[in-house]
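**Q** Here is what each chain is made of, one letter per residue.
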Amino acid sequence: MGDSQYSFSLTTFSPSGKLVQIEHALTAVGSGQTSLGIKASNGVVIATEKKLPSILVDEASVQKIQSLTPNIGVVYSGMGPDFRVLVRKSRKQAEQYHMLYKEQIPVTQLVRETAAVMQEFTQSGGVRPFGVSLLVAGYDDKGPQLYQVDPSGSYFSWKASAMGKNVSNAKTFLEKRYTDDVELEDAIHTAILTLKEGFEGQISGKNIEIATIGPKRIFKVLTPAEIDDYLAEVE
Amino acid sequence: MSIFEYNGSALVAMVGKNCFAIASDRRLGVQLQTIATDFQRIHKIHDRLFIGLSGLATDAQTLYQRLMFRHKLYQLREERDMKPETFASLVSALLYEKRFGPYFCQPVIAGLSDDDKPFICTTDSIGAKELAKDFVVAGTAGDSLYGACEAMFKPDMEPEELFETLSQALLASVDRDCLSGWGGHIYIVTPTEVKECTLKGRMD
Numbered sequence: 001m002g003d004s005q006y007s008f009s010l011t012t013f014s015p016s017g018k019l020v021q022i023e024h025a026l027t028a029v030g031s032g033q034t035s036l037g038i039k040a041s042n043g044v045v046i047a048t049e050k051k052l053p054s055i056l057v058d059e060a061s062v063q064k065i066q067s068l069t070p071n072i073g074v075v076y077s078g079m080g081p082d083f084r085v086l087v088r089k090s091r092k093q094a095e096q097y098h099m100l101y102k103e104q105i106p107v108t109q110l111v112r113e114t115a116a117v118m119q120e121f122t123q124s125g126g127v128r129p130f131g132v133s134l135l136v137a138g139y140d141d142k143g144p145q146l147y148q149v150d151p152s153g154s155y156f157s158w159k160a161s162a163m164g165k166n167v168s169n170a171k172t173f174l175e176k177r178y179t180d181d182v183e184l185e186d187a188i189h190t191a192i193l194t195l196k197e198g199f200e201g202q203i204s205g206k207n208i209e210i211a212t213i214g215p216k217r218i219f220k221v222l223t224p225a226e227i228d229d230y231l232a233e234v235e
Numbered sequence: 001m002s003i004f005e006y007n008g009s010a011l012v013a014m015v016g017k018n019c020f021a022i023a024s025d026r027r028l029g030v031q032l033q034t035i036a037t038d039f040q041r042i043h044k045i046h047d048r049l050f051i052g053l054s055g056l057a058t059d060a061q062t063l064y065q066r067l068m069f070r071h072k073l074y075q076l077r078e079e080r081d082m083k084p085e086t087f088a089s090l091v092s093a094l095l096y097e098k099r100f101g102p103y104f105c106q107p108v109i110a111g112l113s114d115d116d117k118p119f120i121c122t123t124d125s126i127g128a129k130e131l132a133k134d135f136v137v138a139g140t141a142g143d144s145l146y147g148a149c150e151a152m153f154k155p156d157m158e159p160e161e162l163f164e165t166l167s168q169a170l171l172a173s174v175d176r177d178c179l180s181g182w183g184g185h186i187y188i189v190t191p192t193e194v195k196e197c198t199l200k201g202r203m204d
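Top line first, the protein sequences correspond to chains A and B.
According to full-length UniProt numbering, the first sequence is numbered sequentially starting from 1.
According to full-length UniProt numbering, the second sequence is numbered sequentially starting from 1.
Here chain B stands alone, though its shape is the one from the complex:
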């Protein structure tokens, strides 16, 4: 089993009309044994920027702590929040620093730019950025997620429809992957509010 499949994860972010949604599964496992069913994979950097970290959980935790550290200092020095594009560049640089002993994580970054336009991107474990206009996926359920999103995605969805679409895509994909599942966590972010929901799917 590869080190990226040790804990199991599923992460997806999708773009809507002036909004975005980011969702993850809730299982934390040690190979085939399930340890926790309420594991938080998505973290808030600030009100308009979220990052989800798939892959090895210990590296995800450390990477998240380092990124919060950098962002807090940035906020103090520059007296403003980081733009999503800037944050994505920072993540990429941090990951490449460990080029020859990398973090075994694949981050998914989702945020609202200054003009309220949604921004999503993912990087591989050594920082190669992949920008997308529709959706990005990561984790052990990644391949299934690609299929489900490709089939269900429509451009310019309103927040309610985006929530439905993304939830269905996530739950359908994790059912095909034994290492992720046990429900889902989804955040829908618009310029005015952030809605956080827990999904109940097949609890296995």
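Just chain A, same shape as in the assembly:
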């Protein structure tokens, strides 16, 4: 890259107007495992691949999808440890809101505050941006919502989105199959099919993670057995 002499410091723009560290962070995200989210008319589903480095790893101990509040959950593509730090900060912000207002934080507010944290790390001394993009799924008074947050701190609301290794194929697949009135159950099937598209090896309840949030507004990560049931339906 021609601007490599400007990539030593985060706080310096390159002549082309880019912050090179953020570009590199997006590359880190792009080489992470595929994750995706679909907003249905009555809920949201998020899913991710869970490829472990060895068969000796206890897959039940790895949780890539986390809840931030009872009605908001998040999945990532990129660096796992960075994700854990963001989850911790977001959970704290959600609880602070609740302590002050005795009300659950709206999805947009939590996304905005998480994005603000990520932006801070692109404009402070001695830190690097987070190497993750997040997909935040929630259900509040405004209905089901799906947001993507990037390492730069920018966030977008999506009807369906994918991130990570297989992003362009996955997005093309989602564009073809998405309809505005899709129901949650169909969205789960579509999510599985999208993951299957770029999946290397045999897909099963042990190497993908799926979570949903429905009209009851409770964020739930599906068990491997439940995922296997959906996989059987999809066959």
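Any given hint could be a false lead.
[Stated by the list, open to error] Derived Cβ-Cβ restraints for the label pairs, each shown as a range: (1) A/P81 - B/K17: 55 to 61 Å; (2) B/Q40 - A/K142: 32 to 38 Å; (3) B/L131 - A/N169: 32 to 38 Å; (4) B/L131 - A/T12: 54 to 60 Å; (5) B/P102 - A/M99: 52 to 58 Å.
[To be verified] In silico EDC-like pairs for lysine to aspartate or glutamate, Cα to Cα no more than 20 Å straight-line: (6) B/K117 - A/E103; (7) B/K83 - B/D114; (8) A/K142 - B/D175.
Hints listed in this document are in silico derivations from the structure and should not be mistaken for laboratory results.
Please read all numbers here as calculations on a predicted model, not as lab measurements.
Just so it is clear, CB atoms sit at the ideal spot from N, CA and C, and this is done for glycine as well.
Go by the hints and put chain B onto chain A.
**A** Chain B only, in chain A's frame:
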């Protein structure tokens, strides 16, 4: 004389049928001397939420300014008005922040919830919330107000009857308190409109 009795005040809010009314006296004093007879104790946060602040007037002013500040930012960020219950939690948190050097105020919060149900509550000067289904009182005339409201309150009053009842309760109570009086200010709030009236009582 206690610091809560320095300026003198009387505040009361009462619940009706899908409406509420909040009333205050109009006297501002410095101990026994009357300084103003048109002092505004009740403030509008938004069309469906009012707060009255009794106690030390300077703290009431500052607290009101801080609450408006917080509410305006909330409106900008969340693109909606604060619900009365949420606002009451905010008031409680703000007051407790100053637990060991408190605001010498007792707020009375009254609003209409999302489903048009009236909500009233009061807190003490360090933020302990007290929700009530019928009426809440505050100020130097508080004790008299409790008596008058208890005697005159009926559940599910229409706005006109609520206005009459609350006015009578307020005027009767401030007559028994030398530090409050000089008329009254009353707001009757229904889902469709806000009516503001000034009451004339014993001008002393």
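**Q** For every hint, state whether the structure bears it out.
**A** The hints, checked one at a time:
Separation of A/P81 from B/K17 is about 58 Å and conforms to the stated range, judged on CB atoms against 55 to 61 Å. Separation of B/Q40 from A/K142 is about 36 Å and conforms to the stated range, judged on CB atoms against 32 to 38 Å. Judged by the Cβ atoms, the range 32 to 38 Å given for B/L131 and A/N169 is violated: they are separated by roughly 56 Å. Taking the beta carbon of each, B/L131 and A/T12 are about 55 Å apart, inside 54 to 60 Å as hinted.
For the pair B/P102 and A/M99, the beta carbons lie near 19 Å from each other, so the given range of 52 to 58 Å is not met. Restraint check for B/K117 and A/E103: the C-alpha separation of about 18 Å stays at or below 20 Å, so the hint holds. For a cut-off of 20 Å, the pair hint linking B/K83 to B/D114 stands: about 7 Å separates their Cα positions. Taking the CA atoms of A/K142 and B/D175, the gap is about 50 Å. The hint is violated against a cut of 20 Å.
Hints 3, 5, 8 from the list above are not met by this structure, while the remaining hints are.
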